[in-house]
Amino acid sequence: MTTLCCGGCSWPIPVESWNREEGVRCPVCGEKIVALVFPAIARARSGAQPEGLVSETEASCFYHPGSRAVVPCDECGRFLCSLCEIEIDGRRLCPKCFENSLASNRLEAAETQRTMYDTIALALATFPLLLFWPAIIGAPAALYTVVRRWRAPLSILPRTRIRFYLAALFAAAELAGAGFILRAILRLPRVQ
Amino acid sequence: MAKNKSIYRKLTPRRRGIGGFSQLWLASDHILLVRSSRFVEQYRRFALADIQAIVVTPLADHTPWQLAALGASIVWTLVFLVVDSTAGKIFFGATGAIAIGFSMADIALGRRCRCYLHTAVTRELLTPVSRLRSARAFLERIRPAIEAAQGTLSFDQIAAIAPAVTATPADAPPEVPQAPGYLPEALFGLFLVNAVFVLLMQRFPNELDNVLPTTFFGEFVILIFALARRGVRDPRRLVYALMVIALLFMSWDAVGLARSFTHYMGSVMEQSRRGRPAPPSLTGWVAFEHAPAVLAAGWRMVAGVAGLVAAWFERPVKTA
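Chains as they are written, first to last, in the numbering used here: chain A, 1 to 192; chain B, 1001 to 1320.
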């Protein structure tokens, strides 16, 4: 069973101190701890065990021939026992399809990381401008990122594409400015 | 613009750091912990049905330090009143205002805390819940959601699972001996060295004037570090009381040094105004006149000797 510890001194919190609304003093460091405990703490740690085959006519798991199949994979249709079944996003997948979906970013609920290309594009459009000349490289790179990653999924949290729009706007303005400066330089009268 | 539909509702405000932020969001069946470095977001999900416990522990009260920081910020800001140049006024005014803002926000946010979320396989520090006030708000929102997914744990059920948990309040933890370190001794030793420097400066003013500001600054840094680090590590009392008294004398020395430096700079300006070449370095600056030098050396001698003796007698005896 999980042992709950004080966040200050790591001393185990006595069971008598659990779920006390007003909190209790840690016997060691004396800080007033609030430990909210839920029924999951009493649950057994092991998962569902697969059932064995009763007769030869029963469908068996694709990965465990000795276990009874309980559900087909929603992706490939293979029969799965309760050990192999992975339920995610309302779908039941086999381990192989789960891995494939994860690799191709089709499982938002299992994603652990996303790159914020809109922030990168905006940074490319703005930061180089602080040193002026690097903007000549930063602006095209920002435009390329905007075009190339426009359809890339953004954060899984609420987020608009405003950074992409701003990056494109700044980059276009910088390129226009660079063109204007270049034109002005070319039009300067040559010193004899 | 297509609106990005999300299944998440905000649980806590962003906790911003130098390299990004972290934040908690609530979905219908899980909590999402987001750690962002601005360019990459990392996600950790905790199913509401799997959360075993949430433990909130307040951290030590730092109100005196927060007030001291606010006071220091105000003093820093007020320097703009005595500085003549516009750039100096802007620098001290702006940086001081920012420091005051941060100090006041730190005090207003309240006491700090640590919040841990326990599941069967992890114990996760919820970094966005770093203040007691936000922890209370977080618990008020998350508790009904978890109880809706799992139900509640009655005291009878807790009593039933009690034997599985071994620790009881009767089991006092063994005392972990912590070495108090030798920082106070180093400080008092430095006091004695500086006392000698101050006296030698009277004899060799040009050679040692540039050394003293550095060693004085070293004294100050070690003293502040020793006081801040003390905590529960060092049971000695007298040495730290001596340090606080020494801090007052150091402040007096700092005022004297600032006064003599201002006087020196004034003479340099006056010389340049008259068209005479200004001295190239600080060689013309006399840090202490005779009387302040005797005082500076004297209190350092006394504090150094008394501190070393007190540190020797108060040092806890090592037990085998």
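Be aware that one or more of the hints could be misleading.
[As the list claims (entries may be wrong)] Here chain B is said to cover these stretches of chain A; the calculated rule only asks that three of the stretch's residues, wherever they fall, bring their Cβ under 8 Å from a Cβ of chain B:
1) 58 to 69
2) 147 to 153
[Unchecked claim] Using 20 Å as the maximum straight-line C-alpha spacing, the simulated SDA-like pairs for lysine to any residue come out as follows:
3) B/K1010 / A/S155
4) A/K32 / B/A1099
5) B/K1089 / B/L1078
6) A/K32 / A/E22
7) B/K1089 / B/A1105
8) A/K32 / B/K1010
In case anyone wonders, no lab produced these hints; they're calculated from the structure. A virtual CB, placed ideally from N, CA and C, is assigned to each residue, including glycine.
Structure-based check of all given hints:
Taking a C-beta to C-beta cut-off of 8 Å, the segment 58 to 69 of chain A contributes 0 residues in contact with chain B, too few for the three needed, and the coverage statement is violated. Proximity of the segment 147 to 153 of chain A to chain B, defined as three or more residues with a beta carbon under 8 Å from a beta carbon of that chain, is not established by the 0 residues found. Pair hint B/K1010 plus A/S155 holds up; C-alpha atoms about 14 Å apart against a cutoff of 20 Å. Restraint check: the Cα-Cα separation between A/K32 and B/A1099 comes to about 31 Å, which exceeds 20 Å; the hinted pair is violated.
At roughly 9 Å between alpha-carbon atoms, B/K1089 and B/L1078 fall within 20 Å of each other, so this suggested pair holds. For the hint linking A/K32 to A/E22, the alpha-carbon distance of about 9 Å falls within 20 Å, and the restraint holds. For the hint linking B/K1089 to B/A1105, the alpha-carbon distance of about 24 Å lies beyond 20 Å, and the restraint is violated. For the hint pairing A/K32 with B/K1010, the CA-to-CA distance comes to about 27 Å; that exceeds 20 Å, so the pair is violated.
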